[in-house]
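Here the protein sequences come in this chain order: A and B.
Note that full-length UniProt numbering gives residue 531 to position 531 of the first sequence, counting from 1, and the numbers run on in steps of one.
Note that full-length UniProt numbering gives residue 2 to position 2 of the second sequence, counting from 1, and the numbers run on in steps of one.
Please keep in mind that the hints were generated in silico from the structure rather than gathered at the bench.
Please note: incorrect hints may appear among the correct ones.
Stated by the list, open to error - Simulated pairs of lysine to aspartate or glutamate, DMTMM-like, Cα-Cα distance not exceeding 25 angstroms:
1. Lys225(A) / Asp53(B)
2. Lys181(A) / Glu41(B)
3. Lys29(B) / Asp165(A)
4. Lys48(B) / Glu386(A)
5. Lys181(A) / Asp51(B)
6. Lys38(B) / Glu200(A)
7. Lys29(B) / Asp201(A)
8. Lys508(A) / Asp555(A)
9. Lys72(B) / Asp201(A)
10. Lys38(B) / Asp201(A)
11. Lys70(B) / Asp85(B)
12. Lys29(B) / Asp161(A)
13. Lys29(B) / Asp234(A)
14. Lys634(A) / Asp548(A)
15. Lys72(B) / Glu203(A)
16. Lys48(B) / Glu19(B)
17. Lys683(A) / Glu594(A)
18. Lys163(A) / Asp51(B)
19. Lys163(A) / Asp53(B)
20. Lys181(A) / Asp53(B)
21. Lys29(B) / Asp172(A)
22. Lys181(A) / Asp40(B)
23. Lys29(B) / Glu594(A)
24. Lys163(A) / Asp34(B)
25. Lys181(A) / Asp85(B)
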Amino acid sequence: MLDDTKKIFIQESEELLEQMENALLEMEQVPDDAEHLNSVFRAIHTIKGAAGIFGFDAIVAFTHPVESVMDNVRNGIRLVDPDLVALLLKCKDHTANLVESISDGQEDISEALLEAGQTLLDELNPEQKSGALDVVKNKRENIEVSDRKNASDDNWVISLDFKSDALRNGLDPLSFINYLKRMGEIVEIITFTHDFPCWEDMEPESCYLSFRIALLSSASKEEIKSVFEFAMDDCELRIIPPRSELEKYLALLEELTGEELNKLGELLIQVGALTEQELSNALQVQSSVLSDDAATQEVKPLGEILVEQHVVSKGVVDKAVEKQESIREKIAQETQYIRVDADRLGQLINLVGELVISNAAVKLLVEKHDLADVQEVVNGVEGLVENIRDHALQLRMVQIGDTFSRFRRVVRDVSKDLNKDVELVITGGEAELDKTVVEKINDPLTHLVRNSLDHGFETPEERVAQGKPKKGVLRLNALHDSGHIVIQIADDGAGLDTKKIRKKAEEKGLIYAGQELSHREILRLIFEPGLTTKDTASNISGRGVGMDVVKRNIDALRGSIEVDSERGKGTLVTIHLPLTLAIIEGFMVGVEKERFVIPLSMVEECVEMDTNEWHLDKNSHYVNLRGQVMPYIKLSEFFGVNYQHGRRGRESLVVVRVGRAKAGIVVDRLFGELQTVIKPLGKVFQGLKGVSGATVLGSGDIALILDVQGLIGLASAKASDVKTLESV
Amino acid sequence: MSIVTRELNGVHFFEINDELTIYTAAMMKQELQDLLSKQDELEISLEKVSDIDSAGVQILILLHQQAEKKGKALRFIKHNRQVIDVLETLNLEAFFGDPIVLPAKEFEYA
Chain A
1 MLDDTKKIFI
11 QESEELLEQM
21 ENALLEMEQV
31 PDDAEHLNSV
41 FRAIHTIKGA
51 AGIFGFDAIV
61 AFTHPVESVM
71 DNVRNGIRLV
81 DPDLVALLLK
91 CKDHTANLVE
101 SISDGQEDIS
111 EALLEAGQTL
121 LDELNPEQKS
131 GALDVVKNKR
141 ENIEVSDRKN
151 ASDDNWVISL
161 DFKSDALRNG
171 LDPLSFINYL
181 KRMGEIVEII
191 TFTHDFPCWE
201 DMEPESCYLS
211 FRIALLSSAS
221 KEEIKSVFEF
231 AMDDCELRII
241 PPRSELEKYL
251 ALLEELTGEE
261 LNKLGELLIQ
271 VGALTEQELS
281 NALQVQSSVL
291 SDDAATQEVK
301 PLGEILVEQH
311 VVSKGVVDKA
321 VEKQESIREK
331 IAQETQYIRV
341 DADRLGQLIN
351 LVGELVISNA
361 AVKLLVEKHD
371 LADVQEVVNG
381 VEGLVENIRD
391 HALQLRMVQI
401 GDTFSRFRRV
411 VRDVSKDLNK
421 DVELVITGGE
431 AELDKTVVEK
441 INDPLTHLVR
451 NSLDHGFETP
461 EERVAQGKPK
471 KGVLRLNALH
481 DSGHIVIQIA
491 DDGAGLDTKK
501 IRKKAEEKGL
511 IYAGQELSHR
521 EILRLIFEPG
531 LTTKDTASNI
541 SGRGVGMDVV
551 KRNIDALRGS
561 IEVDSERGKG
571 TLVTIHLPLT
581 LAIIEGFMVG
591 VEKERFVIPL
601 SMVEECVEMD
611 TNEWHLDKNS
621 HYVNLRGQVM
631 PYIKLSEFFG
641 VNYQHGRRGR
651 ESLVVVRVGR
661 AKAGIVVDRL
671 FGELQTVIKP
681 LGKVFQGLKG
691 VSGATVLGSG
701 DIALILDVQG
711 LIGLASAKAS
721 DVKTLESV
Chain B
1 MSIVTRELNG
11 VHFFEINDEL
21 TIYTAAMMKQ
31 ELQDLLSKQD
41 ELEISLEKVS
51 DIDSAGVQIL
61 ILLHQQAEKK
71 GKALRFIKHN
81 RQVIDVLETL
91 NLEAFFGDPI
101 VLPAKEFEYA
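Looking at chain B on its own, in the form it has when it is part of the complex:
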C-alpha cells in the first residue's frame, strides 16, 4: 500500500508514501477511490510524495473534483517542496484551496 494511515497528536490522516507519477497513477487512483468511498472527511498528507508529474497532478485534480461532487471534505496537507513547485507552476493552489504551509525543516534550510 502506498497510502498509509498515520496519527499525529491524536489526529488521523493519510499519507501518500510513494511517487505520484504516470507509473503509479493507476494504482493511486484505485487506492484513493477506496479511501474516498470509506471516509466522509479526510486529510491527505503530501509530505512524502517522492515525485510528482502531470499524471499525478491529474489524479489530485480529479480526486478533488470527485470529493466536491460527493460532498466530502478533502484536504491536502503538508505539501512538500516539489508538490508546491508543481502547483505553483500550474497555478493550481487556488483550485485546491488548501492552505500550503512551508515545511519547517525546509524553512530552516532556506
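Looking at chain A on its own, in the form it has when it is part of the complex:
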C-alpha cells in the first residue's frame, strides 16, 4: 500500500518530470537559455531531494550525477549539445521509470533497471564511471566515508584583513585571535606575509596583517562575529560558514514555512546565514549605488551584493531566492488552486443535475396550479440553479494545452526515428473542455499525430525535391465553435492518396468497383476498419488498425471526426467534441407523445409547417428550405411512432448542423429550450442508432437525446441521390 506522502512524491515527481521534459525540448531549440537550464536543474534537484527524504536511494543515486552534470552545464563547464539533450531526455525517462516502479509498490528496484541507469550515467560521464550502483549497494560504507570527509573541512573560515590604522587605533590583532580561541579550536591559521611592504616603506605603526583562520566551533555566525565587534571599523571581516553550516542553512531555508513573503535579507537572517550588521552594510551599499547613480545604474539585487562581499555563499543566496520564489508561488497558487478529488466533483455535478431536474419538476407544478406568486420565486431559483450548473461544470474544465504539449515529445521522438524533420506548432492551447473528455481524447490524438508523422510527412530530401521547406510543420489547434471544441491536426505533408484508398477499399470489398464517390466520401473511407494506404507496416502505424478505433473513440464522446486532404499539400483532421458530457442546453421536440432532446448547440433553426419556406421531396428524401437542399429524417417514421388518432398535427422542421453537414429533422411539436442532464443509456441500448442518451424531465418522463450526427449520417444515406450540401 502506498501511503499519502509517497503518493505526493510520485505525483510531484511526475509533474516535475513533465516540466523537465518540456524544458529539455526547449533547450534543444535554444541551447543557451538559462531559464530552461535552470528549470531542468531544479526539477532534477527537487526530485533528488524529495527522493532522499522518502528514502528512495536508487532515485537519489541516479539523479545525483545527473544533477551534477546539469550543475556543470549551468556553470558553463559543460556545453549543451543535441547529444546531451537527448541523453538528458533518456535520463528523464529513466527517472520516470524509477518513480513508476515505486508507484507500483516495488520496494526493490530491479537489477535491469539499475543497470540501465548505470549505462546512462556512464554515457553522461564518459570519462569517469560513477558507480551509482555501488552507491546503492554499499550505502553504509559510503556514508561513513562522507562523514569522515565532512569532519575534516567542517570548519568556519574566517578571513580577517586589518586596515592600516588598526594598530594606531589601539587594536591588537593578536588579542582578537587569542580571544577567538575561546569560541572553539583554531584548526589552522595562516598569517599573510606576502603583501607586506618592503622594509623601507614600512611604517612601524601601520598594520599589514591579515589572517585566514579555520575555526572548529559550534558557535553561531553571530557569536563568532561578536569576537570582532570592537574591530569592525578597522578590519574587513568575512566569516564563511562550514559546509555543515551551509547545509544547515539550506535545510533551514527548506523548512521555513512561509506564510508570508519575507525579504531576502530577512530570510537569510532567520536561518543565521547573515548577521543583522552584514545586512545593513549590504543594504547601505545597495542604496548608495542607488543615490550615486540613480539614473544610469540599475539597482543591484541584494543577493548579488551579499555574494560579492563574500558575506554569504552563492549557494545559500540561490537557495534563499529559490525559497522566496517558491513561497511566492505557493501564495499565488494557494489563492488560485485547490486540489480536489475528481470523484467529488463528479458527485457535485451529479447532484447539480438532480437539482436541475427537480427544479424543472417544481416549475411544472407551479405552472399547473397557476401559482403566480410562487412563479416569481421559482424563476429566481431557476436562475440560480443555472448559475450553479455553469460553475460546477466550469470546475471540471481544463485547458487542452497540457494535452497538446505532451505531443512535443512524441513528435520529436517519432520524427527522429523516421528521419523526418518536423516542427510542432501548438495554438489555442487555452481552449477549455471537460477533464473527462480531455482524458479520453489523448489516445485518438496520439494515433492521429503518429499517423501524420508516419504517412503524412515526407523525408526532408523528398520535401526539398518537391520544392517544400525542408522542415515539415505539424499544427495542433483548438478552438471553440457553437458549444463544441474543435481540435485540428494539420500537416503540410504528402496528403492522402485517394486513388490508393479507393483501390484498397475495393480490394477489401468496402465499396464496389466503379462506385461513384465524392472526394470527401473516399477520404472518409480511411475510418473504415482494416484500411491502410501504407504498403509496409511500421511500429508506428500502418497496420490498418487505428483510424477506425480513433473514430469509435470520438463517437463515444459524442463527437465527430472529419478528414480533408489534398495530394501533395497536406492533410487536415478536424475533431468536433462536446465541451462536457454532463449537462447540456437542449432543445426539446415532440412526436405524438414522445419527447426528444436535440443538443441546442447543433440546432441551426426551426421552421414551422405552415410557412411556404420548405418542401419535402419524399421520393428523393430531401427537403428544400428556401432553395437550400438537404437530407431530412422524419422522427415519427424513424422511431415508428403510432399515431393514436390517425391524425397528424402540424409538422415542423428543425435544421441541425454538425461541422459542415446539415440535415433537417421533421417533428410534430417544438417545445423549446431545456436544461438537459445527460444520463447514459444502459448497456443494452448502447448499440441504438440515432440515440445518444436520455434525460429525465420535470414531469418525471424520460426523453431520449438524439444523436444528431448519427441522424445526419442516416439521412444522408437515405437521400443517396442528393449530396449533402455544404454550408458556405
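Add chain B to chain A, keeping to what the hints say.
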C-alpha cells in the same frame, strides 16, 4: 639602545632587551635596520623580549623578509615563552624557520 651586543662562549650575538610592541616599533625598526645594514650574518636573541604584540611580530616578519632579500643570514634565537606563544598562535614558526628551543630554566619549571 634596546639592542645590546652580547657574547656567549666566544660567540657574538644581539639581544633585544626591550618590549617589541607598538610603542617601541618605530625605534626597533630603526635599530634593526642599522644592524642589518652593518652585518652580513647575525643572530638575534629574543630571550629578553619583555612583551610582544602584533606590531612587534610585523617587525620580525619584515626584518626576516628584508634579510632574505638582501641575502643576509638572520637567525632568531633563544625565543622566550611569550614569543613562542605568539609565533605558535599565528602559526609563524615555519615562516621564520629558526629552531626554537625551550629555555632550560622554563623547562625545569614545567
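Would you mind confirming whether the straight-line C-alpha gap from Lys72(B) to Asp201(A) stays at or under 25 angstroms?
With a Cα-Cα distance of about 19 angstroms, the restraint between Lys72(B) and Asp201(A) holds, given a limit of 25 angstroms.
Take the C-alpha atoms of Lys29(B) and Asp172(A), compute the straight-line distance between them, and say whether it is at most 25 angstroms.
holds, 18 angstroms
Can you confirm whether the C-alpha distance between Lys29(B) and Asp234(A) stays at or below 25 angstroms?
The given pair, whose Cα atoms are some 23 angstroms apart, holds under the 25 angstroms limit.
Pair hint Lys181(A) and Asp51(B), alpha-carbon separation not exceeding 25 angstroms
Status holds; Cα separation ~20 angstroms.
Proposed proximity, Asp40(B) with Lys181(A) (alpha carbon, max 25 angstroms)
violated, 39 angstroms
CA of Lys29(B) to CA of Glu594(A), is that 25 angstroms or under?
Violated, at roughly 119 angstroms.
Given the proposed pairing of Lys634(A) with Asp548(A), does the C-alpha separation stay at or below 25 angstroms?
violated, 29 angstroms
Would the hint linking Lys72(B) and Glu203(A) be met if the CA-CA limit is 25 angstroms?
Status holds; Cα separation ~22 angstroms.
Has the given pair, Lys181(A) with Asp85(B), been kept, meaning a C-alpha gap of at most 25 angstroms?
holds, 13 angstroms
Satisfaction of hint between Asp53(B) and Lys225(A), Cα-Cα up to 25 angstroms
Holds: Lys225(A) and Asp53(B) sit about 22 angstroms apart, inside 25 angstroms.
Do the alpha carbons of Lys29(B) and Asp165(A) lie within 25 angstroms of each other, as the hint requires?
holds, 18 angstroms
Is the hinted pair Lys29(B) and Asp161(A) satisfied, with a Cα-Cα distance of at most 25 angstroms?
With a Cα-Cα distance of about 23 angstroms, the restraint between Lys29(B) and Asp161(A) holds, given a limit of 25 angstroms.
Figure legend: structure checked against the earlier numbered hints; hints not met, in rising order: 2, 4, 11, 14, 22, 23 and 24.
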